[in-house]
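Peer 1: Here is what each chain is made of, one letter per residue.
There are 2 protein chains.
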Amino acid sequence: MIPNGTKHNELRQLVRSQLELLLESGNLQGAKSLLIPVQPVDIAEAIEGLPKATQLIAFRLLSKAEAIEVYEYLNKEVQQALIQEFKRQEVLDVVDKMSPDDRARMFDELPAKIVRRLLAQLSPKERQATAILLGYGEDTAGRIMTPEYISLRENLTVSQTLERIRNQANASEVVYYLYVKDNSRRLTGIVSLKDLVIAAPDTTLAEIMARDVVFVHTDTDQEEVARTIQRYDIVALPVVDSEERLVGVVTVDDVIDIIEQEATEDIYALGGVQSDGDSYFQTNLLTVARRRVVWLFVLLLTNTVTGAIISSHKALLEQAVVLTVFMPLLTGTGGNVGAQSSTVVIRGLNTDEIKNMGAGKVVFREAAAGVLLGLILGTVATVWAYLFQGDLAVAMSVGISLVAIALLASVAGSALPFVFRSFGLDPALMSAPFITTAVDVLGVLIYFSIARAILGL
Amino acid sequence: MIPNGTKHNELRQLVRSQLELLLESGNLQGAKSLLIPVQPVDIAEAIEGLPKATQLIAFRLLSKAEAIEVYEYLNKEVQQALIQEFKRQEVLDVVDKMSPDDRARMFDELPAKIVRRLLAQLSPKERQATAILLGYGEDTAGRIMTPEYISLRENLTVSQTLERIRNQANASEVVYYLYVKDNSRRLTGIVSLKDLVIAAPDTTLAEIMARDVVFVHTDTDQEEVARTIQRYDIVALPVVDSEERLVGVVTVDDVIDIIEQEATEDIYALGGVQSDGDSYFQTNLLTVARRRVVWLFVLLLTNTVTGAIISSHKALLEQAVVLTVFMPLLTGTGGNVGAQSSTVVIRGLNTDEIKNMGAGKVVFREAAAGVLLGLILGTVATVWAYLFQGDLAVAMSVGISLVAIALLASVAGSALPFVFRSFGLDPALMSAPFITTAVDVLGVLIYFSIARAILGL
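Chains A and B, in that order, are what the protein sequence lines are.
Its first residue numbered 1, the first sequence is counted upward by one per residue in our numbering.
Its first residue numbered 458, the second sequence is counted upward by one per residue in our numbering.
Honestly, the hints are just simulated from the structure, not real lab data.
Some hints here could point you the wrong way.
[Said to hold, decoys possible] Restraint ranges, calculated between C-beta atoms of paired labels, are given here:
hint	chain 1	residue 1	chain 2	residue 2	range
1	A	Ala53	B	Leu468	23 to 33 Å
2	A	Asp102	B	Ala657	45 to 55 Å
3	B	Gly881	A	Asp212	24 to 34 Å
4	B	Ala663	A	Glu163	48 to 58 Å
5	B	Arg668	A	Asp212	51 to 61 Å
6	A	Lys125	B	Ala657	48 to 58 Å
7	B	Val572	A	Asp212	31 to 41 Å
[Stated by the list, open to error] Chain B stretches covered by chain A per the calculated footprint, using a threshold of three residues with CB under 8 Å from any CB of chain A:
hint	stretch
8	715-721
9	751-763
10	776-789
11	795-801
12	871-883
[Claimed, not checked] From the structure, some residues in chain A lie toward chain B, with a derived Cβ separation under 8 Å:
hint	residue
13	Asp102
14	Lys125
15	Val197
16	Val252
The beta carbon of each residue, even a glycine, is placed where N, CA and C say it ideally should be.
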């Protein structure tokens, strides 16, 4: 048994180091025994950690069934390297028996030349299944579903069903549910394995099946698929075509990865980093720089405008250079208030939490919070500025500006995500530069105008 | 059948508006028929949207089995309101039959007085189950597991097992797996329902069970539980006590919510908003302000230091007020470069993506990216500053400072998350204020020092 937590991680480390030692010393039998109680995902990780030359040797130690499972967990670099070195028969053995959705995902990332060669070598049935999946748009239910499932007629009894399942050639098609279809292949109900095993042997599927089936279409976006599985607490979601005929099933394990990937994309967007969905730490330095520099240039441009405003107020600053002391405080705090509002609203929009709440209500709420925060911080800042520089007029300017900037920032931060969403743009990606611009440019303008009025300059 | 996507949302809206109309006109039979094909989670949402006075009426329309399911999905305000208005017998009917993990979660959020009253009214078996769960630490596997599962001996045959399951009183205990225990109640293997239905009737559980069971302990953190389920693509994870006896099971639907909740916490922390794990849009304005003001005060303090540095350079600024024009550009860009580095590193740490990568390697990589970005942006900024203000010495100061600040920011942004994690602090929460401080304070110092040297002031 593989223990949990820290012990578990230690064991994984141990497997990795041991495997390399055993392979180096040529003890293949020992390496084989070492891997027997290890889970496929952990074996994949251990193989990824090996020197390139020994990866194929380690992979060949696995039984055929295990090799297929492990192969699905390997990262694309190792998958490709192994495919190049496989003999023709090995490729057939492994790739032909992968589940069609995992295979389609792998083909997505392989060079076109290799994909054509592999497709040609697959058995006709598997080739067709893969081609169909690859025909659906990226990030849709059609692309992530598996076309393998068991469908039955509703007049079968429970014992007939159990017998039929036992005689079925491919066990991988039984997952969590059986699907009931009518004569025109339309989905009419589902039977969970649980319902099947607790039902009396002579009841028919029609009596135990659930008729209120939640399903999606092949072109439904994968994020919507994930939200549906999450909302209804189900482990497998049927996918139907435009005529509502069952064509596949999306399972919960794929959905967990999608939810995490979408969250990472949100986090990256809020942090000003482009994400292409693939692993950051597998990409090279130039790609990293390219993904960040666009966003930094946008901000450089923003700062040009802010700089121009400061430049046009040089005469004011020459008369009262003390005003510059509080510039970072005002733009900094404004930026943070705006970031807080937009973070909450963007996350709420993306997790559907504020789907049923009007934009007006959200923005009003955030504006109220902004004024409240502005008053608290403005009071503190006024007192502090007075104690620090001993100039009441300057201190008043700072305090009043802070309230105005906090209001502006919270309204911009909460309203812009709605505006961008209504244009069909990702709020997480688009809002940040505009909020920064609004707060920086207008903040400096507000500060200088208020200071000019109060100082009488 | 409930259709997907937009159509589905429309239908949910329709149920909500129709339900209110039917209840207002006193058409209880119509309301009852309306709800029959609707999923429990959608019924719960519809009830939450009703005026307070009619929520209980709507709830009473449901069948007993349905009422329990719907009740589990209601938010805590409505759960509490209903409990207050229930008659004694109704409370027993609903709360006694909730699954123990959902009940424990609900009790966590109810006032202590109501919890004591409810515990006293529960049947002894359910009371004990709830008390045990409530005894485990918050956010641990023990608190989120359900103690209901089926465990069997390994010498049973498949047909004996099926028969036993059918005669079992409580069907809710059958989920996705059956657990096999030895004489000292230790977990020795698991049998999935799939393995059970495809196996020949006369095979024994010992022959078909998987012996390499992944499990966690009752005190394992819920995030570790979620990562384990995600890593091994399983739908239910056994939980054992310190003597490795099976005590409960965590299912995948709870885990999806945990992964999303943890992502929201990360996003909030990066955006400078405290999160208490509950729904933001259910909290009042003062709580909202309280959660944000702490972070804003930290930044106010930071800006005090920056302000003091600017103040101590007033003589320099009076001689060359043009330097103030580029202050927002330098601190702003520095802040963004730092935010990018820390976003990537924090997300990588929290999703385990960089678990096996040394801190040194990550920081070096980020420092290289920082220098690269600094050189690109510094060149652009130098040219722009020269064209804008016509002063080569100032333009050079800006460009050189930008390279130095980008390097500083990327090192601080990538190193601080590791530092905070090694002290057992949440990197997402702690890193941001320190990165901002370092970049603002040191950035201004670097800029003024370089400018002073180049301008010869």
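Peer 1: A closest beta-carbon separation below 8 Å is what the hint needs, so does Val197 of chain A meet it against chain B?
Peer 2: 5 Å, holds
Peer 1: Holds or violated: is there a CB of chain B closer than 8 Å to the CB of Asp102 of chain A?
Peer 2: 11 Å, violated
Peer 1: Test coverage of the stretch 871-883 of chain B by chain A using CB-CB distances below 8 Å; three residues minimum.
Peer 2: The restraint on the stretch 871-883 of chain B is violated, since only 0 of its residues have a Cβ under 8 Å from chain A and three are required.
Peer 1: With 48 to 58 Å as the target window, see if Lys125 of chain A and Ala657 of chain B comply at their CB atoms.
Peer 2: 26 Å, violated
Peer 1: Go ahead and decide if the range 31 to 41 Å is satisfied by the Cβ distance of Val572 of chain B to Asp212 of chain A.
Peer 2: 34 Å, holds
Peer 1: Counting residues of the stretch 715-721 of chain B that have a beta-carbon nearer than 8 Å to any beta-carbon of chain A, does the count reach 3?
Peer 2: Holds: 4 residues of the stretch 715-721 of chain B have a Cβ under 8 Å from chain A.
Peer 1: Please verify the coverage claim for the stretch 751-763 of chain B: does it have three or more residues whose C-beta sits within 8 Å of some C-beta in chain A?
Peer 2: holds (count 9)
Peer 1: Using the beta carbons of Ala53 of chain A and Leu468 of chain B, state whether their distance is inside 23 to 33 Å or not.
Peer 2: 58 Å, violated
Peer 1: Quick one: see if chain A covers the stretch 795-801 of chain B, three-plus residues with Cβ-Cβ under 8 Å.
Peer 2: With 5 residues closer than 8 Å to chain A, the stretch 795-801 of chain B meets the three-residue bar; holds.
Peer 1: So, as I understand it, the hint says Lys125 of chain A touches chain B; can you test that by seeing if any CB pair is closer than 8 Å?
Peer 2: Since the shortest Cβ distance to chain B is 21 Å, the answer is violated.
Peer 1: In this structure, is the beta-carbon distance linking Arg668 of chain B and Asp212 of chain A contained in 51 to 61 Å?
Peer 2: 39 Å, violated
Peer 1: Look at the Cβ atoms of Asp102 of chain A and Ala657 of chain B and judge whether their distance stays inside 45 to 55 Å.
Peer 2: Given about 29 Å between the Cβ atoms, the range is violated.
Hint compliance for this structure: hints 1, 2, 3, 4, 5, 6, 12, 13, 14 are broken, all remaining hints hold.
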